[in-house]
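Using the hints, position chain B against chain A.
From first to last, the protein sequence lines stand for chains A and B. First residue of the first sequence: 1, per this note's numbering; consecutive thereafter. First residue of the second sequence: 1001, per this note's numbering; consecutive thereafter.
Be careful, since some hints might not be right.
[Unchecked claim] Once the Cα atoms are required to be at most 16 Å apart in a straight line, the calculated EDC-like pairs of lysine to aspartate or glutamate come out as:
1. K83/A to E1005/B
2. K125/A to E1128/B
3. K1167/B to E1045/B
4. K125/A to E197/A
5. K32/A to D44/A
6. K32/A to E50/A
The set of hints was computed from the structure by calculation and includes no laboratory data.
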Amino acid sequence: MHPLKKAARIAGAIYLSMVVTGPFSLIYVPSKLIVRGNAAATSDNILAHETMFRLSIMADLVGQVIFICLAIALYRLLSGVNKTWAGLMVAFVLVSAAVGFVNTLNDIAALTLFRGADFLTVFDKPQRDALGMLFIRLHSQGIFIDEMFWGLWLFPFGLLVFRSGFLPRLIGGWLMINCFGYVALSFIALLFPPYYETAFGLAQPVLFGELAIMLWLLIKGAKVPSLRAATA
Amino acid sequence: MNTIENSQRIAAKIAGVSGLLAFPIVVVGNYALLSPLVVPSNAAETARNIVAHQTQVRVALTCFLMYSASVVVLLTALYVILKPVDRILALLGALFRLVFALLWLLAPLNLLGALRLLGTASYLQAFEADRLQALARLRIAANFDDYYVGLPFFGLAATVCAYLWFKSNYIPKGLALFGVISSAWCVICGFLFLIFPHFNKVVNDYWFDSPMALFELVVSFWLLFKGLPPSTTVTIPHDTRDMRQIKTFSNQISP
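Just chain A, with the same shape it has in the complex (with noise of 0.2 Å):
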């Protein structure tokens, strides 16, 4: 196979995997176990789940660490188009990918405060809950946070696959879109947080540049230059 193939099918291979732990820990296991404004129920749900619940703190982990390998992965394939674009695109995702590890941290302390640990006890039971529930909680703002990341290092992907001429220039500008929409989205979650979930709603379209680009990396690879158009 052909190097420049190669490496886009690895990084397709490397973005599908993120498909398995992203869902897992953002939308399947809060969907089952968070119940909003009841700080009990989730406590009781959590506990009963507990390996579901740490689960998903390890698919966090897991996710962030594919993230930083499908950065690598990327600029691999994208550097010879511009170095700067690439660095760029490679920094914002290892900020994305600290502030994801950092945010663990509130599951990980919303755990310990539902299990209740000996020193915990001079707080009492509905005391835990509260102090777990709002870990749980923020646990969700630094995604909101994290949100503005995973856009902004879509600018210069976009911009790279738009210019590399081996990879289609449509899903290249869909990605610079898809940048601003999570940028937006970020923006709307912490500055007008009750028009969030509309937005998000409104902003499907835009967020699926992202499983455009990997569906073709992973089936179609790369457009390997045609050996009269490389010698020309």
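Quick look at chain B alone, frame taken from chain A:
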């Protein structure tokens, strides 16, 4: 440096813009929006201010987020400019600055935590109002600590970059030397303040980082308006191998 690539010149403009944008963003966020709401030693009054001006707090934390993003753009641009001078040191400088940018991201998290604690969620009724206010004040106070944990990394990044500026001749040597001294001073102050919390009684907090911030601002102005020097500027090398290269170069250009 005998040649300056076009990518370095573009990166210099980007560094200039991001450096100059970052400064007012963080100053407005911290001094104009957040500080007026915080009443020293009075958690209840601070809590009342925050509840009454929630949007102002949210704009401030968004400023911090944007500042962090600007620092990431700046560090990438500086890496591109300084990489030809010394690749490893340029990378080291970028990584130190990345740690600083990451620590800035804790500020929005702290503020969001304070807003949560002072919110109306029913599960928080397990605590009395004054306890929630004290916890919220603690989250805001954590911003101060996070900044001073990040400051030595900012100083280290600026010291490494200033040394590379000095070595490169891209900016005036005097300015670069001022950068090395002011940044190293900031690193020393940062560490001393962490070990001796009353160090700021000896040296005012503003003197820790203001000289370095001034250096970074001047460099940003320089890069944006003056840019990098023309490629004909040649640094005189020291070793004999380079002398041979100069002789070869002289032979090539002599008529």
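Do the hints match the structure? See the list:
The hinted pair formed by K83/A and E1005/B meets the criterion: a straight-line CA distance of about 12 Å does not exceed 16 Å. Restraint check for K125/A and E1128/B: satisfied, since their Cα atoms lie roughly 15 Å apart, inside the 16 Å limit. This hinted pair does not check out: K1167/B and E1045/B have alpha carbons roughly 52 Å apart, beyond 16 Å. This hinted pair does not check out: K125/A and E197/A have alpha carbons roughly 32 Å apart, beyond 16 Å.
For the suggested pair K32/A and D44/A, the alpha carbons sit about 12 Å apart, so the restraint of at most 16 Å is met. Restraint check: the Cα-Cα separation between K32/A and E50/A comes to about 12 Å, which is no more than 16 Å; the hinted pair holds.
In summary, the structure is inconsistent with hints 3, 4 from the numbered list given earlier, while agreeing with the others.
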